[in-house]
Amino acid sequence: MIVRPRPGALKLLFVMRGTILPRVLPHVLGIAALSCLVVWTLQAGHLRLPVTSPAPLSLLGIALSIFLGFRNNACYDRWWEARKQWGALLIELRAFSHQAIALLDDGDAEVPVVGRQAARRLIHRNIAFAHALAAHLRGHDAREDISRFVAEPERSRVLTSGNRPGALLREHEVELAALRREGRLSDIVWGSLAARVHALMGVLCACERIRFTPLPFAYTVLLHRTAYLFCLLLPFGLAEALGWFTPVLAAMIAYTFFGLDRLSDELEEPFGTAPNDLPLLALARTAEINLREALGEPRPEPLRPVDFILP
Amino acid sequence: MIVRPRPGALKLLFVMRGTILPRVLPHVLGIAALSCLVVWTLQAGHLRLPVTSPAPLSLLGIALSIFLGFRNNACYDRWWEARKQWGALLIELRAFSHQAIALLDDGDAEVPVVGRQAARRLIHRNIAFAHALAAHLRGHDAREDISRFVAEPERSRVLTSGNRPGALLREHEVELAALRREGRLSDIVWGSLAARVHALMGVLCACERIRFTPLPFAYTVLLHRTAYLFCLLLPFGLAEALGWFTPVLAAMIAYTFFGLDRLSDELEEPFGTAPNDLPLLALARTAEINLREALGEPRPEPLRPVDFILP
Amino acid sequence: MIVRPRPGALKLLFVMRGTILPRVLPHVLGIAALSCLVVWTLQAGHLRLPVTSPAPLSLLGIALSIFLGFRNNACYDRWWEARKQWGALLIELRAFSHQAIALLDDGDAEVPVVGRQAARRLIHRNIAFAHALAAHLRGHDAREDISRFVAEPERSRVLTSGNRPGALLREHEVELAALRREGRLSDIVWGSLAARVHALMGVLCACERIRFTPLPFAYTVLLHRTAYLFCLLLPFGLAEALGWFTPVLAAMIAYTFFGLDRLSDELEEPFGTAPNDLPLLALARTAEINLREALGEPRPEPLRPVDFILP
Amino acid sequence: MIVRPRPGALKLLFVMRGTILPRVLPHVLGIAALSCLVVWTLQAGHLRLPVTSPAPLSLLGIALSIFLGFRNNACYDRWWEARKQWGALLIELRAFSHQAIALLDDGDAEVPVVGRQAARRLIHRNIAFAHALAAHLRGHDAREDISRFVAEPERSRVLTSGNRPGALLREHEVELAALRREGRLSDIVWGSLAARVHALMGVLCACERIRFTPLPFAYTVLLHRTAYLFCLLLPFGLAEALGWFTPVLAAMIAYTFFGLDRLSDELEEPFGTAPNDLPLLALARTAEINLREALGEPRPEPLRPVDFILP
Amino acid sequence: MIVRPRPGALKLLFVMRGTILPRVLPHVLGIAALSCLVVWTLQAGHLRLPVTSPAPLSLLGIALSIFLGFRNNACYDRWWEARKQWGALLIELRAFSHQAIALLDDGDAEVPVVGRQAARRLIHRNIAFAHALAAHLRGHDAREDISRFVAEPERSRVLTSGNRPGALLREHEVELAALRREGRLSDIVWGSLAARVHALMGVLCACERIRFTPLPFAYTVLLHRTAYLFCLLLPFGLAEALGWFTPVLAAMIAYTFFGLDRLSDELEEPFGTAPNDLPLLALARTAEINLREALGEPRPEPLRPVDFILP
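Protein chains in written order, with numbering that gives the first Met the number 0: chain A, 0 to 310; chain B, 0 to 310; chain C, 0 to 310; chain D, 0 to 310; chain E, 0 to 310.
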């Protein structure tokens, strides 16, 4: 995610980093070059070009705007829903951890240390879950982070599972059921903590849904194709009316359409590592900070953006 | 569902498989041929054609874009809601199964094997539910898959029911109530598992809603008709202004409008077997893998896409 | 609701039944006739008509498309929400009934027949609720259906109530409270069944909201008026540019705008008996089938569409 | 709210009451008069007017349509959410009351009259809440209605509170807690009734949110200004192309834009007393009817629309 | 937030305070000046300007309107969701406080004063939470407000925490768990209060999500750039057709586009202190008033708008 102080209105016009411009620039320049060629051909009289008015292109352009707007909307919704799921992750992890400490770590019990250890184990597993989820969604290996917070023999069970975050939640359920059987958690209290685990499962499955089910492929192709063909036709439609202004306007339109198309691509998959994707590592670190503070353990530093980009 | 590495921007222009192009190509070519005929007639002077400006058509075209955009939006929402329901299915099946094992399969009980068997029965029924739901929505027969996971006499009851996934949920409720009566589940724990069964019923009914209530038929007809009539008029509106460019532009507009119309048709019924429909078999297989891993049973292989299409 | 196999792309162009065409045809023909008159007057030179370009009309036409699109969207949302509420009805009725049987109809109890009779009474009342709700929303009298499933003296109490579905839910609450007092339902189990009754009350009130609160009247008038005035002006704007093509295009535009306006009217009130309205009778019948199967009673046949229309 | 049988398509064109026309008529006539002046000036040759084509205005007009459409959408969502909150109010009041009667008014108890009186007190307080909420949102004084249903000393506490509906809910909580302490409500049953009170608090706060947080003021100003300036420029843009048709078209466009602007104003604040606002008094009366029927008390008459307007 | 009586339709045209005009005026005037320059150059014949028709610009303008409309929509949704979260805050704080008093402050208990003190402590912590959240989101220091309501040693723990509102919720959980251990709260009652704390955690995390995750930076840049470039090109497109009307229309269009762009910026971050941002201080004060009234303590005055702006 790009984190930077909002530049002033003027500076915003010339900013490069974090924008979509570098990636669409070759295509935009290509359209500008084509425009120059068309205008030169037309004015030199080498060729009689068939298109003579921008009106028919307008029709296609407006239809394309509406459809690109739709795709953009759908992709933004995916991105924002992904962020909401990670927000829900923080809610549940923090609430779970506060409750676990308050309910288990009781000074009045005869063997308080057992409750305290159980609470610590649950919360460390929560931290591991945050790291494991981030890695699961990005296709990385969180072996190291998981190992820091989960002891053997659980560690092996989790690391050999086909779905590590899911395996961590299974361990949660087993431990909560054991605490209930031992009488450390009453039924109601067990129900309250189990509801948190269920919500974490909801976050996991929702993230997997966004990660592994892209927008229907045919959309992407249909809109991508129309946008490119439209921009290729553009110079022919504008050349006679605009003359040497054609490259300027064609490049601007191409920049807007290609830019939105590319940005939608980026937002469609919000868990990647492109500049506008979600900062999963920073969010997992935030969870670790919050949970370690709740445990009274030393907190790591929050991640800082590098070149305005939060990883 | 089409699963393929995103082709590069250029290659995306020429991809065929998984796109809507093959299905609309005849219509697009028809419009192009009509355009050629109109331009030839016009330029040969055989006929005085009445339409002389693209502006009036623009008006209809923009209105049509807005309405097609709306239908497209509604159909995409159905498709995405369907995917969300299958996401919820995975949430509930996994959460149910984790809890069932943790709560029933207790080594401390005097007759642990009874609890373990009950848990196994519940989870196998969950796997059967996933397969039965996929078959129910696609109009297939999941007799074989259900038989693998459900024993007699329950198997006969389920297979003769008019609604097999619903019958499986009824068996769930009966078994949970029996476990509660036998004292194996406390009231609160029964309530937690029963909430999962209720959520599965919610998934079943929501999928049935999407499957058996299409968009109002009049929409489909109204927009389909307007799109075709519009594209048929298009050559008459463009021929004078564009000359031999008419077939190119008319074909592009027809491709965009017919493509979106056809894609909306496909997304409207997300449980079918068209390339852009949801991969119900693969999702049911995922559920089986997750649940079998939780039971410690050997996991089947995940389904792989064939020709980029996940079934 | 119209239920028919999707006709092919070509046949779709000429289908009449279930479409909006028959109802807007007179208006569309009126616009076409006006167009002919205008073109004839113009070409015969009888009259100097003031409008000379379609551009100003375009502006109004696009604004109108956007606003009609909005109203259409709002009406479709009402229709789809109504369908969702009936989906929720099926969820709750089925879940309630499965639980009631599983929990009350216990072979181990000393007087099992009492529990079985209570479960049967609850489920029969659920069937009556489905029929009563359908009749309540359509302004019909479901006296007969209610009487089939509810015995005296409850029957009289329900039939004399000002809100029969609401009265049935009140009877549910009274019976559940009695079962709890008698010790047949533990507190938790009572809570689970009472949650179903609460959800049914939610369905009832949501359906009443959609049924008795139409879109603000001023919308309907504003958009209806603008659409008609626009179509009346259309021939004047197109005649000079299009000549004898004017009636064709004006009729097409009128068909699109009037059709969408009328379709929105129909969807705005989804509980009526127009062809595109929801099939309440068929849905209530589905509920009856599901619930009778759960009870082991003979199931009635599902309702079949007549002339493609499901009642 | 305007309640009237839908007039026929033709009559709808000339209806006045309940429409937005009376309120925008002066402005529309003003635009028409300006148009006449412009056309007369132009044709008389007194003045050389600068605008010569409607195309540049089209651009502004379409942008304006999109933005007005957005504001309209947001305002309609507020209106519909407000209606949903009042629907939720009815759900909760009816469910609460049914449960209170079923659970408290038990013939088996030794002192049944105490339970019956408690139930009656709770339900009367619910009726008072509906009236108090309507008055709170409209800035009226519901002293009389509250006094009918709440006895001293509670009445004084409620009437002197800064937030009367909130004070009624506080009394609910206190009474439920007392009933629980007295053993008349088990913990679970208390929890079920307390969930209703919580939901009522949700309705109260949501209504306050809609009532006291209007759309950002800058929106209203920005769009209002642009709409007026646009309509003032319109005659200059249309006069040359349309001649004496200008006043007709300018008035139509002004009617559409001003009408939508004004209607959005009305829907933005759905709790007012404008014709298209929600019928809070009628809804509160409905609640009173439902709750009194549940108590077996005589029901008042439902409110009827006066001049098609339900108060 | 701007709170003012809605000015009349005419006065609305000239209002300045609280509108976006002052901030975009320099840019609008710049566009007007550029327009004058272009028109003068053109008419004086000094220069042959290339653009000759507004049609190609229209295409870009409409696409831009659609995309700006999308961004505006997304930003408004953030603003309104933020307001909903603060509405949820009020719901939960009031419901929590009512329940805490009703359940803990019981005259029947042997040592009622203990329960009363616990209730008072919980509610004071709730007030502190509202102030701490407002300060947390605005980057202010609420040390003073927190100190007024939270005693030592808790005060130090909260003030040294990295996330003060979160620390207050942790104290809530600890206190509730202690009250449950002491037998002052039954399990069910504890569960009801703990659900409130969980909801408060949800509000905190949702507000943090809105506060710390802006819209993808590339959007802002892409649309901002296109809007500015478009307005810079505008005079060239309009000058020939409009002559000296160009500055008027160009300024109007620039005002609309820049205004919407700037307003979106402001709504994107709803917790700031710009005029259209949410009145966090006033909302926190409202919470304090409600909760102090519930406690029977003297209520502070509500905050009043200064120059129509509620802080």
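What the hints contain is simulated information worked out from the structure, not anything from laboratory work. Certain hints may be false.
Simulated pairs of lysine to aspartate or glutamate, EDC-like, Cα-Cα distance not exceeding 16 Å [what the hints assert, rightly or not]: (1) Lys83/E to Glu300/D; (2) Lys83/A to Glu80/E; (3) Lys83/E to Asp76/D; (4) Lys83/B to Glu80/A.
Hint check results:
no.	hint	result
1	Lys83/E to Glu300/D	36 Å, violated
2	Lys83/A to Glu80/E	12 Å, holds
3	Lys83/E to Asp76/D	14 Å, holds
4	Lys83/B to Glu80/A	12 Å, holds
In the structure shown, a violation is registered for the earlier hint numbered 1 alone.
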